[in-house]
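K.L.:
Chain by chain, the residues:
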Amino acid sequence: MKLIRILVVALFTVSCGRASTSERTDHKSDDSAATSGETRQPVATPEPATQPNQGEKPAAALTPVAEQAKATGVNPDAAVLADFKSRIDAYMKLRKEAVKDAPRLKETKDPAKIKAAQDAMSIQIRAARANATHGDIFTPEITAKFRRLLAPELKGDEGRDAKAIIKDDAPTNIPFKVNAKYPEGAPVPTVPASLLVNLPTLPEPLQFRIIEKHLILLDEDADIIVDYALNIIK
Amino acid sequence: MHRLLFIAVLVSTLPLPVAAQELRLPNKPGSVKFAVIGDTGTGDRNQLAIANELASWRTRYPFDFAVMMGDNIYGGERPSDFDKKFAIPYKPLLDAGVKFYAALGNHDDPALQRNYKPFNMNGERFYSFRPQNGVRFFALDSNYVDKAQLEWLDKELAASGSGWKIMFFHHPLYSSGETHGSAEQQRALLEPLFLKHGVNVVLSGHEHFYERIKPQKGIAYFIIGSSAKLRKGDLQKSDLTAFGDDGEYAFMLMEIAGDELFFQTINQSGKTIDVGSVKRVGKAEPGSGRSAQPVVPQAKPSPAQPGPRQSK
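Going line by line, the protein sequences match chains A and B.
Under numbering that gives the first Met the number 0, the residue at position 94 of the first sequence is numbered 93, and the numbers go up by one with no gaps.
Under numbering that gives the first Met the number 0, the residue at position 130 of the second sequence is numbered 129, and the numbers go up by one with no gaps.
Here chain A stands alone, though its shape is the one from the complex (with noise of 0.2 Å):
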């Protein structure tokens, strides 16, 4: 346990001494500690593919956003969806300007054409998000308040009936990496829709999926893996 905390601890001071980035808020840091199960590399360099069953721990005890707003007597749930929802609103605000010089995603015969399109709009929003890290968006309170939003659907006859969907023609080779690329030809699991119409709508092109256990945020028309929260389902 000690060690832990010391290397809570120091993961805490490494990423407050990082470059932050537009779409990154103070409490970043924190999101850190809470996702020790994984490496963390420096911000030049892309981080490796998570293995899914190295695990995310539980946010119970880093919830700056929940207990400033309940120090301020706003509700502390509503504080994380409106977290959430800035932190959406930022990166399609970045997004918008990377791809501002890129092709259009247009309606064209020419499949090569999309694909060139698609490529060239992912590419572009990589670069402007070199520096975006695993919990950017799904920091570990937004995590934890999915999985209390995802919990009741997922019991009884309903709840297996969800998870089945989930199996259904899943994929197995996902990477669970920030900006990684969806990988070509693999199926785009259905997400069952008792846990879809619980979580906060998005704008296009995000969509959620689960993956086995876990959820991405994808960017659909660039097919770009924004962000992903581990052991969403339980």
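It is worth saying that the hints were derived from the structure and are not from the lab.
Using 30 Å as the maximum straight-line C-alpha spacing, the simulated DSS-like pairs for lysine-lysine come out as follows:
no. : chain 1 : residue 1 : chain 2 : residue 2
1   : A       : 105       : B       : 116
2   : B       : 146       : A       : 84
3   : A       : 112       : B       : 90
4   : B       : 116       : A       : 95
This one's a predicted model, so the numbers in the text were calculated from it and none came from an experiment.
Here the structure of chain A is known, so what remains is to put chain B in place on it, guided by the hints.
P.N.:
Quick look at chain B alone, frame taken from chain A:
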């Protein structure tokens, strides 16, 4: 003034002809003629066999468009795959001006396919089109039934003055398949809207067989996910089943003439395996913002007859 009108969807089956390759649709001038295919994108000989049958039947039955139930391109989706798994098999139809309207399946790359012009999705995951006054098709993305899609569907259905409202999407809300079965999660969200706005017919794929479901709450359901893939023995005929076939690749031809929708299901050898009609009783009021609520089959036993005997 909104007047509540009543539509009953009655499914009747007709005796199969001696010559099973005979067209059993009215083929009336001015009717809406279309084909239905599902789970097609393999690029293999089975897809080609059905594609060839479609082209052959079109010489007798000049359908204007085809609706696709999803899984339009399996596996890789490189430009060459779009050729191999779509453009080449259906070239005779495309060259003849037949339009294809696709819905997305769980094996489809949404960004690529909705922007692929020959799929006529207008860059959208879900969309509608009206081939003729009084008939509107709605393509849904059943992989991702989110609030945005539900709100769109509610508004779109409410604004449609069409008497015929036909849904098509990948996951069947009712199914007797052993592998997948009924998509109950999607059903819980979609069916109330279908009933509220008087949807008549729902077409789906995903299951690699053909199944005609007994009308459910006044709506006729068909599964046609065997236009290139087949899962033999997967159809566990149930109380839902009016007729089913998991032993043959298949496609459907449909025709809407007035208040009746006629269907003919044909296998890879050109033999008819199912035939019948869906009757819409009553009329919608165009521009009323509201069409009909099917009530008869809710109140009475299903009018559906057992499936027709197999043609020889």
